[in-house]
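Chains as they are written, first to last, in my numbering: chain A, 3 to 502; chain B, 3 to 502.
Worth flagging that the hints you see were computed from the coordinates, not collected in a lab. The model shown is predicted, which means the values in this text are computed figures rather than measured ones. Just so you know, not all the hints are guaranteed correct.
Subject to a maximum C-alpha distance of 27 Å in a straight line, what follows is the list of computed DSSO-like cross-link-like pairs (lysine-lysine) [to be verified]:
1) A:150 x B:150
2) A:52 x B:240
3) A:491 x B:150
4) A:491 x B:240
5) A:125 x A:150
6) B:249 x B:225
7) A:409 x B:240
8) A:481 x B:225
9) B:150 x A:144
10) B:5 x B:225
11) A:416 x B:498
12) B:491 x A:496
2 protein chains.
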Amino acid sequence: MPKEDLVNLALRRSLFYSAAEIYAGSPSGFWEFGPVGEKIRRKIIDLWRKELVEREGFLEIFGAQILPEAVFKASGHLASFADPIVQCKKCNATHRADQLIAEKTNGIVPESMSTEELAKLIKQHDVQCPKCKGKDFTEVRKFNMMMKVDIGATGQQPCYLRPETCQSIFLDFPRLFKTMRVQLPLGIAQSGSSFRNEIAPRNTLLRAREFGQMEIEVFFNPKKINEVPRFSEVENYKLNLQTLKDKSPRAMNCKEAVEKKIISAKLIAYYLARAQQCWHAFGIPIEKMRFRQLADDEKAFYSRESWDFEVETELGWVELIACNYRTDYDLAGHAKESKQDLKVKEEGCEEAFIPHVFELSAGIDRTLFVALSLALKTEKRGPEERTFMELPPRIAPYLVGVFPLMKKDGMLEKAQEIEEELVSYGLDVFFDEVGSIGKRYARVDEVGVPFAVTVDYDTMKDGTVTLRERDSMEQKRVKAAELPLLLWKLQNNKIKFKDI
Amino acid sequence: MPKEDLVNLALRRSLFYSAAEIYAGSPSGFWEFGPVGEKIRRKIIDLWRKELVEREGFLEIFGAQILPEAVFKASGHLASFADPIVQCKKCNATHRADQLIAEKTNGIVPESMSTEELAKLIKQHDVQCPKCKGKDFTEVRKFNMMMKVDIGATGQQPCYLRPETCQSIFLDFPRLFKTMRVQLPLGIAQSGSSFRNEIAPRNTLLRAREFGQMEIEVFFNPKKINEVPRFSEVENYKLNLQTLKDKSPRAMNCKEAVEKKIISAKLIAYYLARAQQCWHAFGIPIEKMRFRQLADDEKAFYSRESWDFEVETELGWVELIACNYRTDYDLAGHAKESKQDLKVKEEGCEEAFIPHVFELSAGIDRTLFVALSLALKTEKRGPEERTFMELPPRIAPYLVGVFPLMKKDGMLEKAQEIEEELVSYGLDVFFDEVGSIGKRYARVDEVGVPFAVTVDYDTMKDGTVTLRERDSMEQKRVKAAELPLLLWKLQNNKIKFKDI
C-alpha cells in the first residue's frame, strides 16, 4: 500500500494531521492524532504493556518530561547529542550534512564521521542545496538537538525536554529497587513523548520533533547474563537476524544464535525474541522483519552490542526498535554526576555492583505508521473496490461496531442495550445508526474495526444478532447474551471466527 | 487522613516522588509516578474517558505539546498568562506577590489586581520575605508562566509548551467538525501534560510545573443553549452549589438551579451534573464537593460564567475542575490570527456562526492526590492497626490480587492459570506468592486493591477459591471458572460483594 494512500486516508478520516494546521508556517514535525488515530495509538501502547511489560513482570513508571541539566550532562546528551548541519549561503536554508551526502550518493554516512570529513565529502560529491540548487555552504557544524527550557523566574534552573524517555528509568531505578520487593533482572518501562529539535523532520510520523516512545530497560547482574530461566520458552523461536557479514536477514532460532555467538548472550536473545513476538502481535508479518546488527561506527559509543529491529515498507527498511546493550554506562554516569552510590546487592551475594542494562527502545508513532501501512488493503469485488484495514483486533480502534438495522420497532433501543452491556465488560464499541448497513460496514472496515454486530427483526424475536467479520465479510448468527465472552475470546485469538 | 501520611505512604510504596531526586537541587514541581501510582493515574483517566467522554459521545484527540507562538498570541496567553512577582532585595528570593499578601492577611487576592495595588498592599501589611524575613522588595512585575522552546537550527521558530491541553482542541475543531460526521453540540476531549513555570510549586501534586489535565470543550450553538435532549436524566440530580451570595454550598437539583437562574442555562447545568457524577465515581463523597461560582474579578476575563468544582480536604478546599463558559472567545481569536473562516453551519440552518464553548478543565494529579487522601483509612482492630485505601474498584491499581496459599502441591501453577485467565479478559491482576497470606492482604490493602483471590487445598479438590473483599475483609467461596464475569460485575458495581 503506497504511503500516499495512507496519508490520504489519515487526512480524510482525521487519523493524524499536522499540529496547528490552520496556521500557515507552523513548524513541521509536530502531529495531532484524531479520535480514531488516538485510539489505535493507545491500543498499541496497551498491547506493548500487556505483552512486553506485564507478562515479563516488569515495572512501569510515568516520569517528568522536563529534567534538569545535570541529568543530561551525566547521560552524555549535552556533549554529544548533535547532528552535523550546514547552511546554504545563497538561500540560508539549513540542512543535515550527512543527509545531503547520503541522498546524493545513495549511501550510508556513519554517525561517527567528523565535521571536517563531511565538509570534504560535500565538496567532493558536488552536493547542491535541495532548496535553491546553490553549491556554496557554510562550514559543517554540530547542532545539539536538545530542547532547552528555563525554569524559575530568572531562568536560574536550566532544564531540557527529554530526548528519550529512559533517563527517568535510570534515575528511578535505585528507589524502585529498594521499595518494590524486586530482584534482578528487573525491567523498568516507560511510554511517553520525547523531543528532538530535528533539522529536517520528514516522512510524516517517521521523523518528528515530538514523538512517542515505549522504552524498556532491563537491569541485570552482568555475571548472570546467561542465566535466563524462561530461555527454554524461546530457544526454538526463530529470529530474523542480519549480522554485519550478512547481506540479507536469515532465520535462526535463539538457541543456535547464542551457541554460534551471533548474539552474545541468552538474556539478549530472550528479549529480542519477546520483542519480535510483540511486534508480530501488532500485525507485522515475520518475513518483513529483521534485526540488523550495527557496526561500531553506526552504534552509540556506549553500546556493547546493538540490533536495530527494522520492518520493510515501501519507504525501505524502517527502524522501529533500537536494542542496545548499554552496560553500566548510564547508572555509572549518574552515580558520578550525582555523587550517589548506585550500586546494588543481590540476595545471597556479598559484592555490590552497578547493574548492566539491556534496552528495547521502540517508537510508538513509527510502529503506528508501519502497522497501518501494512494493514491497509484494497480488494476488487466484482465492479467495486473495497478498502479495509487488516488490523489485529487488539490494536483496532474499536473491537466491534454495533448497528441497528433500522431505528424503529425497538431495534435502536435493543442495539443501545447491547452496546451498554459490551462496554460494561470493557470492550470498545462503535455505535452507528446512520446510513445503509453496507455503508456502515464500509466505514468501520476502512479504519480496521474487525467485527460488527447487527440488530435486526430476528433479534427482536429470538435474541440473536448477526456477527460479521471484517476480513472475510462472513456473517454468523449468535446469541446476543453470549457476545461479551465471545468477543473477548475473538479479541485474544482464543477462538477463530470460522470456528464459531 | 493527614497529608503527611499520604506523602509517607507515597514515598514508601513509590506511588509518586520528585523527579531526578538523586540530584541535589533539582527544580521542584516535577513529579514521577512509580508503578502503583502510574496505574491509579491511568485508571483515573480511563474512568473519565468512559464516563465523561465516551458516554457523552464526545471525541478524544492526542495533540502536540509544543505549539507555535501564533497559537498563544491568539489565545491571549502571551499577553496575559502571568503571575505578579517580587524579589527580596536582601536574599534575592523570588515570590508571588499575591501569595505573600494572601498568607499575611489570610484573605483572597483577586487575580485582576494591578501590580501597583499589590505593591501598595505589601507595604501596607508590612509583608516579610518568608525566607530571610527581609522587608525590602523590588517592584512587583508580571512574570509570564509560559515555557518557551526554540525550534529549528537557528531558533527561528519560537514555540511554547502548552500551558493547557485545550488549545489543540480549538485548533482541531474545524477539521473534526468537517470529517467526523458529527453535529453540535460536539464535545472534544484531551488528556495530557501541561506546563507552567510556577514561581512557587507547592503541596506536592497540587501545584506542579508539569502536570496532567483532562479537558473537555463542548462546542454548541449559543441559540440552543437550552436545548439539551438528555436534560431529563439530570433534572432531579442535586448539585452542591455555592453562589456568590452563599457562605456555604447548598444542594439544589438541576431543574431548580436553571429555573431560578442560579445556573444560566440547561447545557451548563447538564455538564456540571455529569462532572459531579464522574468525580463521585472517583470515590469522592458528595458532601465534600461544591461548585463555587467565581466573581468577575476572580474568573478569566473571557468567561461569561465560571464554577470551580472544589473538594474539601485537610488542606482546605482544593479546585479540581474549572468549569467555564468561554463563549466564542477561543475560536474567534484563532480565526482572526490565522485568517481562516472558522464559522460552521448546522444542518437545516442557513446562517454560519462561530460555536460557543463550555469547558470542563480538570486536573489529573490533583484528582489523584485528593482521591487518595480521602481514601486512605486506618482502622483499629483489637491491638493492631490496619491501613487500607478505600479506592473504588475502577481506579484501584489492580482489581484483584491472586495468591497461592503455598507454592507446593500445584497451588502455584493453579494460581498462575487463574491469573492468566483473568488477564485474558482484560482484568488487572497482581500476583504475589511471597510471605504469609495476611501480609499479602495487608500489602494490597494499603494501595487500594479491592479484592483478593486465594488458591488453597480446596481449590485443587473442587475448583473453588476464596474471594476476599478489602473493606469488609469478608471472604466468600466462589468457583474459579466464574471469576471473570463476577469480577467485571464487581468492578462495575453491577453486583455487591455481600450479594454473591
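So, going through the hints one by one against the coordinates:
{"no.": "1", "hint": "A:150 x B:150", "verdict": "holds (8 Å)"}
{"no.": "2", "hint": "A:52 x B:240", "verdict": "violated (40 Å)"}
{"no.": "3", "hint": "A:491 x B:150", "verdict": "violated (49 Å)"}
{"no.": "4", "hint": "A:491 x B:240", "verdict": "violated (41 Å)"}
{"no.": "5", "hint": "A:125 x A:150", "verdict": "violated (33 Å)"}
{"no.": "6", "hint": "B:249 x B:225", "verdict": "violated (33 Å)"}
{"no.": "7", "hint": "A:409 x B:240", "verdict": "violated (33 Å)"}
{"no.": "8", "hint": "A:481 x B:225", "verdict": "violated (45 Å)"}
{"no.": "9", "hint": "B:150 x A:144", "verdict": "holds (22 Å)"}
{"no.": "10", "hint": "B:5 x B:225", "verdict": "violated (46 Å)"}
{"no.": "11", "hint": "A:416 x B:498", "verdict": "holds (26 Å)"}
{"no.": "12", "hint": "B:491 x A:496", "verdict": "holds (22 Å)"}
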